[in-house]
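**Student:** Single-letter residue listing:
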Amino acid sequence: KAGVTQTPRYLIKTRGQQVTLSCSPISGHRSVSWYQQTPGQGLQFLFEYFSETQRNKGNFPGRFSGRQFSNSRSEMNVSTLELGDSALYLCASSLTPPGTGELFFGEGSRLTVL
Amino acid sequence: SQKIEQNSEALNIQEGKTATLTCNYTNYSPAYLQWYRQDPGRGPVFLLLIRENEKEKRKERLKVTFDTTLKQSLFHITASQPADSATYLCALLNTGNQFYFGTGTSLTVIP
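Just so you know, the protein sequences line up as chains A and B, in that order. The first sequence: position 97 = 102 (this note's numbering), numbered continuously. The second sequence: position 49 = 51 (this note's numbering), numbered continuously.
Bear in mind the hints are in silico, worked out from the structure with no lab data behind them. You may find that some hints are simply not true.
[Stated by the list, open to error] Pairwise CB distance ranges (calculated): (1) A:Tyr15 <-> B:Glu62: 31 to 37 Å; (2) A:Ile17 <-> B:Glu11: 23 to 29 Å; (3) B:Asn99 <-> A:Leu88: 19 to 25 Å.
[Said to hold, decoys possible] Okay, the calculated bits of chain A under chain B, using three or more residues with CB under 8 Å as the criterion: (4) 51-62; (5) 106-115.
Small disclaimer: the values here were computed from a predicted structure and weren't measured. The beta carbon of each residue, even a glycine, is placed where N, CA and C say it ideally should be.
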């Protein structure tokens with residue numbers, strides 16, 4: 006069974022640009038969550054989608070947005086990039102909305118903003 | 003304010019000893035607590051889950067305890083091996099069905 010796939014794995018952008026990251030969950034998983042990981046802050050929750058609906062959103066500015074498609078694949082977008090957006094962005098899928106089940110993480114997309 | 007604190011950022015122990023990692027939380031009411039392992043450049047991998055009404059959970063050389071009075075979880079790795087070297091993260095599932103992660107403890111097992 007294929008795991009969670011995130012693309013691209015690495016990318017470099019400059020301030021002011023925008024970026025779109027993609028996540029394909031494990032087949033059959035309908036819940037997708039996104040996290041930002043930085044050395045100082047650890048993993049911070051961005052948002053969670055289930056059946057194309059955003060169910061939860063973390064404390065991030067409106068520049069961070071996401072969506073989920075009917076095949077459960079998800080994308081997140083960051084507009085007007087800032088230096089502080091440099092981080093590892095992790096996607097996690099689960100069979101149902103996060104609860105008793107474990108989260109299955111992808112390898113992440115490492116974004117560097119210059 | 004809400005906080006999840008994991009003991010010292012780095013922990014070094016001798017091979018064969020028991021590693022004990024701590025996760026303390028403030029101003030959360032978690033229904034579940036999970037532990038994950040993360041290797042450099044990789045995504046976290048689920049290890050164990052413990053519910054608020056459970057005191058202890060075991061899986062092979064791993065043991066986790068959960069004390070809702072102390073607001074603390076302890077994660078033990080017995081008979082540690084160099085392959086256990088990684089960063090370990092605790093995660094709380096709070097009301098609102100959202101996971102909150104600690105910043106992690108980097109464990110190094112010295113041969």
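**Student:** Which numbered hints are broken by the structure, listed smallest first?
**Tutor:** 3
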